[in-house]
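Enquirer: Residues per chain, in single letters:
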Amino acid sequence: MEAYLEAFAFIFGSPVNIAFIVFSVLWGIAFGSVPGLTGIVGVALLIPFTYAFSPEQSLLLLGGVYVGATFGGSISAILFNTPGSPEAACTALDGYPMARNGQGGKALGIALASSAIGGIFGTLVLMLLAPPMAQLALAFGPAEYFALAILGISAIASIGSGSVLKGLVAGLIGLGVATVGLDPITGFERYTFDNLMLLTGISFVPVIIGTFALAEVLSRVSEGSTPTNVITNVSTKLPTREEMGEVKGTLARSSVIGSIIGALPGVGATTAAFISYSEAVRWSKRPEKFGTGVPEGIAAPEAANNSAVGGSMIPLLALGIPGSATTAVMLGGLTIHGIVPGPLLMENNTLLVYTVFISMMLANILMLIFGIRAARYFALILTIPYAYVGPAIVVMCITGVYGLNANMFDIAVMLSFGLIGVLLRVMSYPVASFIIGLVLGPIAETSLRQGLMITQFDYSEFLMRPIAATLLTLSAASLVYGLYGQWKRSRGSSGGSSPEAAE
Amino acid sequence: MSKHALDFAFAMLLCVACIFLWFVADGFRGSPRYAQIDTDFWPKIVTGVAAVLTGIIAAQNAYAWWQERRLSQVGETITIDWARIGRMAAMGGLVLLYFFTFDRVGFLLATVAFLWVAAFSLHGGRIMTKIIFAPVFTIALTALFTKVLGLPVPRGDGVFYQFSLMFY
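Residue numbers (UniProt numbering), protein chains in the order written: chain A, 1 to 503; chain B, 1 to 168.
So here's chain B without its partners, still in its complex pose (with noise of 0.2 Å):
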């Protein structure tokens, strides 16, 4: 894939957001006494500004790769990368479910899952390594927070609460 065509995607993609909230500045609350340095004043100078700028980019891009096709030249290409797209997205969903359980589940049997499974989908480290080090790791994070720092963890709900009591 062209990377001048990626570009003047992503370029067009931040054009189209900051003119759409350009408009949404334009329905802010205003005051008459600041009249002229109005609640819309820095947020229109931002979006206005960054519209243009990547209007720039997006320009330069669409002529480069048109011009890339006119002449039948390959220019500068990305290699989509479906394993490395699979391996962050699998990370990345994984985050979300930490995410979703921390709250719920509460710090300690979280983590310990979470640090499990990432620990186990990716490459390096001995299986029995991996195994002592996510209890290892949360109890010594827990303590960090509970005894020393005072900052809270969650605790869950339910049933979860009531075991988190057991320790913190």
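Chain A extracted, bound-state conformation (with noise of 0.2 Å):
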């Protein structure tokens, strides 16, 4: 209780943090508005920023960044069905036929009260399972940690509509992309091929601002056009209390889904939206309605993807392995600060922690009272010409990445990354599994070796231990399920063409 005490005094303590807030959750669902430029971006291209703040305020920004982010993808997709982050893609099922149908206003007072309400309640289950969790993880040892580590990296690459194979690439891509520089046991270089600057390794913040930020801008730009069919006509109707009954089930199953998914190393709010999208559908009494504009079909995925947020927390606070791709940049942002999450955290910096608390559920109160002045604002973002939007990001990227080091090899790293970036999304391997691995390649590595070394080289130990061999197992059945998911969509696209290739 006295930390939150002391958390709630130092946010409101100072008008310049809860400024912070307030900005973090307008430019979050600014960000999060505009198709492509997501949550992720948002945080990523704060970070830079950040260096002049202290590490408290730096993760209010970051927090409140990514709770607006993550609302704000529902805009464009009710009013222009295109998700702004891949988290709203099921809110544009049922959310643009509403807006479609003169609904525009009330499927986004929909959106905004499942987003406030999961977001809410993943944020309560942050409060209360980070630290008896933190607790539990003072007793993991390394094989516990490169458990989690591979769990991370299978989870995120399992899950999802794209090849598993390509998923775990992108993730061992990154993995590789950490050994980078000394190596942290023996001390010897690694892949520096005699460049003295790549001797401390790549640093994380230029990679994820060129693999996210810049080859956004860079692909957007080859798209050249811009939307021009946006529903900017339209003001957030909250739901009756009446309406509000007809979702209770909904919102509650889904806030429930959103902080298990989230709360998984690796998988996100994305993951956390379909399923709670499908399994509004199967308990639905009116299943065949899904898809036509529905209210249940906008709150289900909204409630969840809000409350991953605040599960996607824990296990990046408890145990410093991030809970989504957004949180593995946010830790990121934390390294530049010296800070490394984990257990010891919630016992050493126990204001850091319990800021991020109360500034999160600050951020959720905010975002509803945005959303329903502004939501109609935020929509003419998506009318502003990309020929300023995409050079400024471009700018703001160098300056940034620039601002921390001061040093042009940085920006050099930003380009080149914006280039493997571009192949990556072009090729259809995952961004994000890339940039888990980066996170957890210096995790994973240290664990196994040090675990092995305790072990006396003996690779069986690590299944011997009951909550390692949990989390290998997890993680195998995660593969086994993403690949089966694989075959069967292979079979269901193979069986679908058959009839066209007999006519």
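These are calculated hints, taken from the structure and not from any lab test.
Glycine residues also receive a C-beta, built at the ideal position from the N, C-alpha and C atoms.
Hints may contain errors.
To spell it out: a stretch of chain B is covered by chain A in this simulated footprint if at least three of its residues, at any positions, have a beta carbon under 8 Å from a beta carbon of chain A; those stretches are [said to hold, decoys possible]:
id	region
1	23-30
2	78-88
3	126-140
4	154-165
To give an idea of the interface, some chain A residues facing chain B are shown, with a C-beta separation under 7 Å as derived from the structure [what the hints assert, rightly or not]:
id	residue
5	Gly181
6	Glu243
7	Val389
8	Pro391
9	Leu452
Some chain A residues near chain B, calculated using beta-carbon distances under 8 Å [claimed, not checked]:
id	residue
10	Met427
11	Arg449
12	Phe457
13	Ser460
Take the two lone chains, each set in its own frame, and fit them into one complex as the hints suggest.
Expert: As structure tokens, then:
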């Protein structure tokens, strides 16, 4: 309780901190609402700016962006039928039909109310579960951390509609990039190719800004068009008590699903939204109506993806393992302040952790206020020509990366990874897996090698520890599940094409 | 162009790169103390597994491509959109030019020039807004970095350095 009061006093003791939360939520909604920019880009672009602030203020900013962006994605999904972020993809299925039927305001209101309920639920789960989980994690050894890292990479590669093998390869590329520099145990050079700048490894921030923000700008510029058919003449109408009563079961179920899925290492809001949507269809008395504009079709993904935000912060703060691609980027933001998330963070830096709890709760409340008052103005962002937005983002990428170390080499790294990001996207290798691999690389490597030293190089010891064995079994299960899903999809698509071939 | 052919080529490229990096790891300096988990231990696991997986992806796509050709079927194809590639290459080139001038010409002039060229080469927006946007955005960002955040921005060399000193 004392920690909560201290954090409360920290946030409300300074108007700057309140201004930061307000700004971060607005920034997040703005980035979330523009298709392609996403919360990850919003967080990545802010990281260099946080260099000038305290770690608490930095995390307060980044957390607010994450919360805002998750809701922001629904604005363009509903009004433009193009999700601003991947986690809002399901929202478009029922949101856009409602908007087309003249119920855009109602659709936005359901999305907003569901997002706020899901977000607050997720934050409460974070507040309740992160401290005990951190206590439990104090007993974790290298074997458990290695197993967690493997679960993170295998889970993100397995879940989704793409190729599992490509997801794994992207994760391995991330692990490979993380090996550049000095070996953490022997201290010898690896993949430096006699370049002194590579001795300290490849900096995380230029890589994420390059692969997400710069690659996104290059991809968007190549498309050469801007949205024109955006519904902007709309104002948010919050659902009535009766309307909320109709979706209360969906909200409760989706919030729980979102928190659980979000808390799994590597799996984030997008998966939570898809699973919640399919569960909403399964539990509905009128499943055939989904996709035509039913409120449950908006409430389910929005409650789940916002609940997953809080859930995905649990492994980050308690274990130091990101729960999603966005939290992986946030982890990179923390490293520039010398903060190492994990169980000891809860013990040694309670102010930081509890500031995150309270600021995320506050961000959800602010999101509700901004969503009611300003959704229509955020919709206007979609009409700003990319001739301003794209080049401005490039300038922010380059200036932000330069600002970290006043170093042109970092910009060269960012540009190189911008190109790699474009290549990965074009060839359908998931960039999120790459980033998770990059973040988890040092954890996986150090844990494996330390674990082997402790066990006298007996690999089977990793399977003798119950938690590590459970996590490794889950990793294997997620891969089998992913490969089975891929096989089923390929069978479905070949089955679908055979009649055409017969004709 | 067949999607499988393109996937095969990219996977093969990655596979060859992984094999090359595996051999590079073989040449890392070792430590007798950590012989069983030496400097090359983890990089070899990563590159080795990646080589195997990319090899599988390449083989899968080669087989699917071969099947397409054998049965004279038209599978999933990718149309090469040269206009799209050209737009991306032009923007990429412009970003590179900005990168090279960033440190030499200084933030102010390089950024205004980049924003003008980029904005005028992209569709949308009014001419007057494009003219005004570049200097306003640059000045705002300079003020944010130098006055509010206290982060460095490059001043350029020689005469450009003197010019930048007038502002920050």
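Enquirer: Are the hints correct? Go through all of them and say.
Expert: Consistency of the hints with the structure:
1. 23-30: Held - the region 23-30 of chain B has 5 residues with a Cβ nearer than 8 Å to chain A, which meets the minimum of three.
2. 78-88: The restraint on the region 78-88 of chain B holds, since 5 of its residues have a Cβ under 8 Å from chain A and three suffice.
3. 126-140: holds (count 5)
4. 154-165: violated (count 1)
5. Gly181: 11 Å, violated
6. Glu243: 38 Å, violated
7. Val389: Not OK, violated: A/Val389 not within 7 Å of chain B, min 10 Å.
8. Pro391: For A/Pro391, the interface hint holds, since the closest Cβ of chain B sits about 4 Å away, which is under 7 Å.
9. Leu452: At about 5 Å, which falls below the 7 Å cut-off, the nearest Cβ of chain B leaves the hint on A/Leu452 intact, so it holds.
10. Met427: Holds - the Cβ of A/Met427 comes within 8 Å of chain B, reaching about 5 Å at its closest.
11. Arg449: 4 Å, holds
12. Phe457: Given a least distance of 5 Å, the restraint on A/Phe457 holds.
13. Ser460: Hint violated; A/Ser460 Cβ to chain B Cβ min 15 Å, cut 8 Å.
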